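**Student:** Build out the structure end to end from the sequences listed, making use of the hints.
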Amino acid sequence: MHELPLVFFTVFTQSAVGAFILLLIGGAMGLVAPRRKAIGLFSVMCLFGLGVIVGTFHVGQPLRALNMLLRVGHSPMSNEIVLSAAFAALGGLGALGLLLNRATPLCNALVWLAAIVE
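Under the UniProt record's numbering, the sequence shown has 85 at position 85, and the numbering climbs by one with no breaks.
Derived by calculation from the structure, the hints in this document are not laboratory data. Since the structure is predicted, the reported quantities are computational estimates derived from the model, not experimental observations. The beta-carbon is built from N, C-alpha and C at its ideal position, and this holds for glycine as well. Relax, there's no trap hidden among the hints.
Okay, the calculated beta carbon distance ranges per label pair:
#, residue 1, residue 2, range
1, A28, F57, 31 to 41 Å
2, S43, V117, 18 to 28 Å
3, C46, G26, 17 to 27 Å
**Tutor:** Written out as structure tokens, the structure reads:
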């Protein structure tokens with residue numbers, strides 16, 4: 001049962017990334033209204049955040065969690081953490097901006113950049 005947080009992390013985060021990309025493509029093709037796209041992007045970023053929070057329960061010693069970042073570029077886990085953080089930051093800011101109707105061109109660029117990062 002100690003692997004269960006890792007299972008939820010994988011399912012939640014990858015489902016969120018897939019839905020994020022599908023919403024962007026649907027919006028670009030005109031299949032999803034801009035408001036629905038904004039709500040959807042914000043919702044899937046919340047799911048992504050929930051997955052990350054659940055995933056932290058898999059870490060054996062939470063106080064040493066930052067040590068996982070010491071081998072960025074060499075360790076797949078370190079790379080995944082950095083790219084997930086970049087996706088969360090870019091996608092979260094962009095989705096929130098779209099949801100609040102703030103700087104729409106900039107926020108559209110942020111969400112597309114987040115999709116490329118992940």
